[in-house]
Amino acid sequence: MDLFIRKDNFKEKEKRNVSAYVRVSTSDPEQKSSYDSQLNYYRSLIESSDCWAFSGIYADTATGTGTRKRKEFMKMIDSAIRDNTDIILCKSISRWARNIVDALRSINILRSHNITVIFEEEKINTSLPDDIYRLNLAASVVQHESEANSENHKWVYRHSAMSGIHNVGSNHYFGYDGHDKTLKPNGAANMVKAMFSMFLDGAGYSEIAQFLNREGYKTVRGNDFTSRAVRDILKNEIYTGDMIFQKSPSRNIITGEIDRSQTQRKVSGHHVPIIDLVSFNKAQCLMKKKYAKYGKRKKIASDIFVL
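Residues in the sequence shown are numbered consecutively from 35, following our numbering.
Since the hints were derived computationally from the structure, they do not count as laboratory data. Incorrect hints may have been included.
With a straight-line Cα cutoff of 20 Å, these simulated EDC-like cross-link-like pairs (lysine to aspartate or glutamate) come out [said to hold, decoys possible]: (1) Lys125 <-> Glu156; (2) Lys125 <-> Glu155; (3) Lys324 <-> Asp235; (4) Lys327 <-> Asp235; (5) Lys227 <-> Asp258; (6) Lys218 <-> Asp276; (7) Lys269 <-> Asp310; (8) Lys327 <-> Glu241; (9) Lys218 <-> Asp310; (10) Lys109 <-> Asp120; (11) Lys157 <-> Asp120; (12) Lys49 <-> Asp84; (13) Lys252 <-> Asp211; (14) Lys324 <-> Glu271; (15) Lys316 <-> Asp266; (16) Lys125 <-> Glu106; (17) Lys49 <-> Glu81; (18) Lys105 <-> Asp117; (19) Lys227 <-> Asp211; (20) Lys227 <-> Glu249.
So the derived label-pair ranges between C-beta atoms look like this [stated by the list, open to error]: (21) Asp112 <-> Ser71: 25 to 33 Å; (22) Asp235 <-> Val135: 51 to 59 Å; (23) Lys300 <-> Arg248: 30 to 38 Å; (24) Tyr75 <-> Glu241: 48 to 56 Å.
Glycine included, each C-beta is placed from N, C-alpha and C at the ideal position.
Can you build the whole structure from these sequences, using the hints too?
Set out below in structure tokens:
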């Protein structure tokens with residue numbers, strides 16, 4: 035704590051409003067312990083100082099390099115500006131942001147409102163000119179490490195696929211269970227067949243969703259079925275036994291731009307099909323006809339939900 039008091043230039047008897055930001059990348063037990071330890075540490079640190087007034091702790095459990103999807107982080111920035119926070123404490127730059135653009139942008143916004151950020155591990159105080167130079171260097175190192183890790187993961191995934199090693203990963207599909215790096219139909223498979231049969235017989239997405247909900251079925255995320263959820267199942271080739279890897283292109287971790295260099299890889303007969311190819315293709319043709327007829331005039335209201 036001597037570091038903070040020594041570097042924070044303010045009148046001896048004037049209390050400063052101080053908050054803290056903590057983050058862990060996953061929710062596994064070890065990370066949860068680190069998360070709790072950080073919360074307790076910073077609350078104790080702030081409340082034990084006669085120079086500081088506790089203004090709260092903001093905590094995220096999140097993955098990725100950016101800050102926009104971290105609700106507590108964004109709330110912290112807004113609250114700091116609105117409530118006249120003087121100092122924000124954070125364990126390290128990597129906990130703040132691994133993306134140098136996000137890190138420096140958020141810090142510059144806070145500095146423009148005379149709000150200091152102190153990084154404990156790097157011993158950086160953003161109110162000091164020399165420390166801003168050190169911050170740029172440290173942030174660059176953090177970003178480089180993050181980029182290297184991201185590229186390593188992509189390399190392993192691509193070369194595993196080229197070698198014929200396919201993993202369904204953490205994806206879950208209604209009607210299937212993941213088992214030994216493949217998919218096996220489960221008890222809900224009959225409902226998938228019923229969905230295709232109802233659709234080909236003229237039932238709409240909403241009607242099928244209502245049927246599934248009445249029968250007590252939930253999506254793989256535990257939600258009620260919606261028109262969007264039904265449509266996503268009906269158009270997914272996974273139910274024919276095929277698997278397309280790298281279906282959703284990855285993005286550059288800094289710019290967010292789509293990586294055009296990666297190619298999709300389709301594996302036919304990857305797992306046991308639930309729907310025959312003829313029925314699946316008929317469903318795709320029917321969906322195209324419906325879209326051509328109604329287009330965006332009949333926009334599905336539940337588009338914000340996903341399986």
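Run the structure past the numbered hints and jot down the numbers of the failing ones, going up. none
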